[in-house]
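Protein chains: 2
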Amino acid sequence: MSNRISDAKSEIRNRPIGIFDSGVGGLTVYRALHERLPNERFVYLGDTARVPYGTKSLATVERYAIENSKFLEARGIKLLVVACNTASALALPAIRDAVNVEVMGVIEPGARAAIATANGKPIGVIATEATVQSHAYAKAIDAIDHSARVVERACPLFVALAEEGWVDTGVTRTVAASYLNDFEGEVLGALVMGCTHYPILRSVISSVIGDNVPLIDSGAATAAEVESLLRARGLAHPERESLADERKLCDDLDHFFVTDAAERFAKVAERFLGSAPSVLEAVEVWGHDELRTN
Amino acid sequence: MSNRISDAKSEIRNRPIGIFDSGVGGLTVYRALHERLPNERFVYLGDTARVPYGTKSLATVERYAIENSKFLEARGIKLLVVACNTASALALPAIRDAVNVEVMGVIEPGARAAIATANGKPIGVIATEATVQSHAYAKAIDAIDHSARVVERACPLFVALAEEGWVDTGVTRTVAASYLNDFEGEVLGALVMGCTHYPILRSVISSVIGDNVPLIDSGAATAAEVESLLRARGLAHPERESLADERKLCDDLDHFFVTDAAERFAKVAERFLGSAPSVLEAVEVWGHDELRTN
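Heads up: the sequence lines are chains A and B, in that order. Each number in this note's numbering comes from the position in the first sequence (counting from 1) with 639 added on. Each number in this note's numbering comes from the position in the second sequence (counting from 1) with 639 added on.
Derived by calculation from the structure, the hints in this document are not laboratory data. Be a bit skeptical, because a hint or two may be false.
What follows is a list of derived Cβ distance ranges for each label pair [to be verified]: (1) Ser846(A) / Glu825(B): 31 to 39 Å; (2) Glu650(B) / Gly715(A): 53 to 61 Å; (3) Val806(B) / Ser846(A): 23 to 31 Å; (4) Asp736(A) / Ile644(B): 52 to 60 Å; (5) Arg872(A) / Lys778(B): 51 to 59 Å; (6) Lys778(A) / Arg812(B): 52 to 60 Å; (7) Glu885(B) / Ser846(A): 48 to 56 Å; (8) Val918(A) / Lys648(B): 55 to 63 Å.
Covered stretches of chain A, going by a simulated chain B footprint (3 or more residues, C-beta under 8 Å) [as the list claims (entries may be wrong)]: (9) 689 to 700; (10) 790 to 800; (11) 812 to 819; (12) 898 to 910.
Virtual Cβ for every residue (Gly too), placed ideally from N, Cα, C.
Build the full structure now, drawing on both the sequences and the hints.
What follows is the structure, given as structure tokens:
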């Protein structure tokens, strides 16, 4: 019996970790997970046919998130990371109802990291319109530390700027200055980058808000919590011999799926990660719970 | 018999004109149609659940366009205007196969207007990535005037800037200067705004490219061709008594549908048109040809 349990656990350990995002932005979360957990394999789904989620309604985001989650569950994952902040903000309960694997969003880890860093000072949050309107970070922070003051600001142009590769340009600095101007007069203890794209613009955001304000990358905070969860449960992948040293981003141990426009995804992945996925496939995730490959 | 034909024609004359777009951008085409044809009623569908189309593949854009077109056909329209440049560029043949009403895209009217204006000089085209990659304008222009020289440039940030309402800002001017820099050295005879959002940024685009370069608004060119087509076929709505004077944008003679996030649509509509739709409804257009209201 205990052998069977240990066999079952060993089988689970070998399973990949699932990650979904509305598109390409979640690659920053993939990168953070990959850095922390080089022994793990990852299955990434970017819902590029329906990106962006940040301007869509609760019902629609829930429907898309459930379809994505079921697709990944069917690939035999041991844990699901919802990399998309909007989906994490709006759809975690719906996702947890829909699938049988453990689900981790990025909002709560980001909120915890912000509180741990801010040292009682106000916490700034920058995110998409939908995430800000949901006040998901403010609520998550309030649930942990009722005394924390949170100031939120939507920065809709950041996604387009990051995808264009306009990382260190005058335009991006001017846009950042205009958005972050809202925090003037606040002595921020931390600024949460509450959208997966924003770490791509990290240096500009940091130079505008000031080096003295720690930036919280929710994806990196989530990766740390995933590591700790897997260790605690004994579900981390056993160390592969010298794998950690050799492991590269986007190598063929990790599988990438998109719901549309694989070529554009590969191009932006190259821009974000420095390399395009070795294994990248276009799939459909909607309708009748069937999976049809394009 | 001739009475019955004339009855049928009269019935058709009274039908509304259908317009669909991937989202809110097509409102500039609605505005152009409304100005030219104040006696007509319009039914507008913005596919806000799946916007944008400009970064999606041919197969996906075709599928979305067909679903939108069938939805509007079921509302009893007399003519379908595909306001979305990407859908016009990629999906017109598929739409024409799928519905039984006459279908008018925005690319060919824009191409014709550009040739008529350019006077043999090179024609510039600015549009989304998908429209530029399809070379739809270059092909349409080439089919009419084989000797015309066409220079195309994708301007992906313009959509986000227009929706943010950053119409006359330093950022928008800097972005425009960076994109339009590609036309340096060309003495353009016309610059086609090949995306429905771009007329919102008209004054900035014009000041950067130079007042001497005529800007072609494909939506306005399409409205002119729609007027001429309806007149030629005797399908224009008979003049309503003094309606033309009283008719306002977004009044309750025009019905607006969105596939998601009606509130955001209304907000951006207000920004684009100066008024939000009186009649605005969220609908689903996908799956089994059924129509389900949210």
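Consistency of the hints with the structure:
1. Ser846(A) / Glu825(B): 31 to 39 Å: 36 Å, holds
2. Glu650(B) / Gly715(A): 53 to 61 Å: 58 Å, holds
3. Val806(B) / Ser846(A): 23 to 31 Å: 27 Å, holds
4. Asp736(A) / Ile644(B): 52 to 60 Å: 58 Å, holds
5. Arg872(A) / Lys778(B): 51 to 59 Å: Taking Cβ atoms as reference, Arg872(A) and Lys778(B) lie about 57 Å apart, which means the hint holds.
6. Lys778(A) / Arg812(B): 52 to 60 Å: At roughly 39 Å between Cβ atoms, Arg812(B) and Lys778(A) fall outside 52 to 60 Å, so the hint is violated.
7. Glu885(B) / Ser846(A): 48 to 56 Å: Holds, since Glu885(B) and Ser846(A) (Cβ atoms, about 54 Å apart) stay within the stated range.
8. Val918(A) / Lys648(B): 55 to 63 Å: 59 Å, holds
9. 689 to 700: holds (count 7)
10. 790 to 800: With 5 residues in contact (Cβ-Cβ under 8 Å with chain B), the coverage given for the stretch 790 to 800 of chain A holds.
11. 812 to 819: holds (count 3)
12. 898 to 910: holds (count 3)
Hint 6 from the list above is the single one not met by this structure.
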